[in-house]
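Q: Residue numbers (the working numbering), protein chains in the order written: chain S, 137 to 362; chain P, 1207 to 1624.
Some hints could be false.
What the hints assert, rightly or not - In the DSS-like style, the derived pairs of lysine-lysine whose C-alpha atoms are separated by at most 30 Å in a straight line are:
no. : chain 1 : residue 1 : chain 2 : residue 2
1   : P       : K1474     : S       : K261
2   : P       : K1218     : P       : K1474
3   : S       : K309      : P       : K1296
4   : S       : K270      : P       : K1214
5   : S       : K316      : P       : K1529
6   : P       : K1529     : P       : K1296
7   : P       : K1529     : S       : K270
8   : P       : K1614     : S       : K196
9   : S       : K261      : P       : K1296
10  : S       : K320      : P       : K1218
11  : P       : K1214     : S       : K208
12  : P       : K1529     : S       : K153
13  : P       : K1614     : S       : K261
14  : S       : K196      : S       : K261
15  : P       : K1296     : S       : K270
16  : S       : K167      : P       : K1474
17  : P       : K1529     : S       : K208
18  : S       : K153      : P       : K1214
19  : S       : K208      : P       : K1296
20  : P       : K1614     : S       : K319
21  : S       : K167      : P       : K1267
22  : P       : K1529     : S       : K261
23  : S       : K270      : P       : K1474
24  : S       : K351      : P       : K1529
25  : S       : K208      : P       : K1474
What the hints assert, rightly or not - Chain P is faced by these chain S residues, among others (derived, beta-carbon under 10 Å):
no. : residue
26  : N160
27  : G168
28  : T183
29  : N186
30  : I199
31  : R216
32  : G223
33  : L224
34  : G278
35  : R343
36  : L344
It should be emphasised that the hints constitute simulated quantities derived from the structure, not laboratory data. Glycine is no exception: its CB is placed at the ideal position from the N, C-alpha and C atoms.
Okay, here's what each chain looks like letter by letter:
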Amino acid sequence: MTKEIIRLTNLTKLYDKDTRPINNVTVSMIKGAWTSIMGPSGSGKTTLLNLIGCLDSPTKGTIHINGTEITKLNRDQLTRFRRENIGLIFQQYHLVPYLTALENVLMAQYYHSIVDESEAIDALKRVGLGHRLKHVPAHLSGGEQQRVCIARALINEPEILLADEPTGNLDQKNGEVVLKLIKKLREEGHTIILVTHNPDIGRLGDRLIELIDGKISSDTAINIKM
Amino acid sequence: MFLRILRKSLSKRKSRIAIAVISVIMGAAIATALLSVSLDVSEKVGYEFRKYGANLIVVPKSDTIEVGFPGVDFGSVTEQRYINESDLWKIKTIFWRNNVLGFAPILYQVVSVGENQYEQNVVLAGTYFNKDVEIIEPYSLDDPSIFNTGIQKISPWWKVNGNWIEDQNDTTSSMVGIKVAEKLNLEIGNIFTIKYYENYEGLINETIYNLTVKGIIETDGNEDNQIFVNLQVAQDLTSRMDKVHLIQVSALCNACPVDTFAEEIEGKIPYAEARTVKQLVNAEMNILGKIEDMMFLVTIVALLASALGVMTTMTTSVIERQKEIGLMKSVGAEDKKIAFLFLSEASIIGAIGGLVGYIVGTVLAQFIGLSVFDTSITPRVEIIPIALGISVGIALLASSLPVRRATKVEPAIVLRGE
Ligand SMILES: Nc1ncnc2c1ncn2[C@@H]1O[C@H](COP(=O)(O)OP(=O)(O)OP(=O)(O)O)[C@@H](O)[C@H]1O
Ligand SMILES: [Mg+2]
């Protein structure tokens, strides 16, 4: 029982004439799978995530998510589609510095629909931050900030989670905490796309796609489970 | 939640916001100050207008002498003809009679005061102070038959030390101009002597008359050099019964044509000529208009400066907060929500600036009033909404460009490193 959730067709993105960060990529991903994306720096990993995450529009080609051709949507429609379907986890966490951990999560609720504080507190408890609700980002460790970011990504219950180097700024111990969380989310049925430079992390998923110069150079199913 | 975001985003960037608020304060303060001053001053011009008291002067016709105002150049008055005191009531029988606030006749005579070598000439002016004039044939039957009038009514701005002459039959009191009082060393209650020389077919006839100083007048005008007595005293002294040189008429005339007034009075007293003194006030109004134009320009410049201040702050803020904007968009904020957040910030900056600016401006208005116009300026609550409106408007306007910029921020930047 595999259901396609994301399909990219002849996807091309170019910023200027010479660089083609994404060059004619056609690929699809199934619901509930964890896809890792690896590749050298500048190979187009982040660009690809931006496109799937409705943060950017391709130059050519189409993207279907859950049957919707998002490449046909306008700016505001994209925004609304994103907040319903996609959660984003960033290497730099991007917490709003003047808001507390809880408020950062509440903000995502606010822009999505309505604010429900107990739900937001639950989300933070799930990532193990029940005791850090009133702290501003400056008073949280990197790992804690990343967990706030994850709680924020999850609060609106998106099907798809996109993570760009989520452990890139974390030490091993904190990185493991975050990866454990992501694994749990995978088990809960979220579709995960994770960009990483670390081959060990790359192997954690169900599938590993390697990008070189904007093209898919290898696409491997991973069977070994930890 | 929105309010929480708004409050925190403002309070965490206090110094930046302060700069914007201060620039709004300055603009709003200057606008408030100049508005208060100009409102007050134009009101005071109305007062000034009344200060001229008479806006019509009635003199005998074909009178070639120059009638200076508010005093009269006495040298050329001696030869002239007169207006009959018994015709004065007719002024109150014109169509616009209810707009005639008051009138006062004046009979001038040079008299001499002081002894021997200190003897000097002074103008004695006989007039009404507080006189009941009988309206012999009222315009309408409903009109009162007695009209109380006098110089006090048409010149309420006179600074009087001591008292006005209240009794219309008082023949011993006088009110002396301050300069006369200084020259003759007169104080309230003093009695002094005036001498009137009459040249009667080559014979000089000297009449001596004693007057008590009831009040000392200060007007900064010709009145300061004159001695005022009841008309009757001046007439008796110079044997010119029923005669006056001129009549000062005070007509309250906002809409009605002063020229019509003049014509009507001439109709009632055919041998008289009524002259308006509107020109004087017009000149004054002109200068005021120019001052107001200038204030308007200064206000515009000040508001432009505020707008620039707000724009700079907002632009910096948008650039600094690009990541935050991108993040808000990535979690689902549409462009209009981003715009709303920034415009709300601008409104708050504008509102605080406007309110504080109003207070500062009111204080500033006092300084301007005292140092430039020599009067205090009444603080006006009705300017608050104006100041607020202008400030918020300016802040919003000045933010429109930075806000456009904020809505243009691409959410894709959140995935890109620095
Ligand atoms: N906004 C942009 N304008 C122009 N070129 C861009 C822009 N963003 C990315 N690029 C270019 O596109 C290419 C792919 O960039 P991308 O960020 O997707 O690489 P990446 O695989 O994520 O690299 P890294 O591993 O260093 O994060 C690079 O050559 C980059 O310089
Ligand atoms: Mg990248």
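Q: Is K1218/P close enough to K1474/P, meaning Cα to Cα at most 30 Å?
A: At roughly 79 Å apart (the allowed maximum being 30 Å), K1474/P and K1218/P break the hint.
Q: Sort out whether K1474/P lies within 30 Å of K270/S, counting only the CA atoms.
A: Answer violated: K270/S to K1474/P is near 90 Å, above 30 Å.
Q: Could you grab the alpha-carbon distance between K316/S and K1529/P and see if it respects the 30 Å cut-off?
A: holds, 28 Å
Q: Take a quick look at whether K261/S and K1296/P sit within 30 Å of each other, Cα to Cα.
A: Outside the cut-off at roughly 98 Å; violated.
Q: Next pair to validate is K1614/P with K319/S; report whether the Cα-Cα distance is within 30 Å.
A: This hinted pair is violated, its Cα atoms lying about 36 Å apart.
Q: Do the alpha carbons of K1474/P and K261/S lie within 30 Å of each other, as the hint requires?
A: violated, 100 Å
Q: Mind checking the alpha carbons of K320/S and K1218/P for me, to see if they're no more than 30 Å apart?
A: Measuring from Cα to Cα gives roughly 36 Å; hence the hint is violated.
Q: When the nearest CB of chain P is found for G168/S, is that gap smaller than 10 Å?
A: violated, 23 Å
Q: Given the hinted pair K1529/P and K1296/P, is their Cα-Cα distance within 30 Å?
A: violated, 85 Å
Q: Hey, K1296/P versus K270/S, does the alpha-carbon distance stay inside 30 Å?
A: violated, 88 Å
Q: Given the hinted pair K1529/P and K153/S, is their Cα-Cα distance within 30 Å?
A: holds, 27 Å
Q: For the pair we were handed, K1529/P and K270/S, check the Cα-Cα distance against 30 Å.
A: Distance of about 22 Å is within 30 Å: holds.
Hints 1, 2, 3, 6, 9, 10, 11, 13, 14, 15, 16, 18, 19, 20, 21, 23, 25, 26, 27, 30, 34, 35 and 36 from the list above are not met by this structure, while the remaining hints are.
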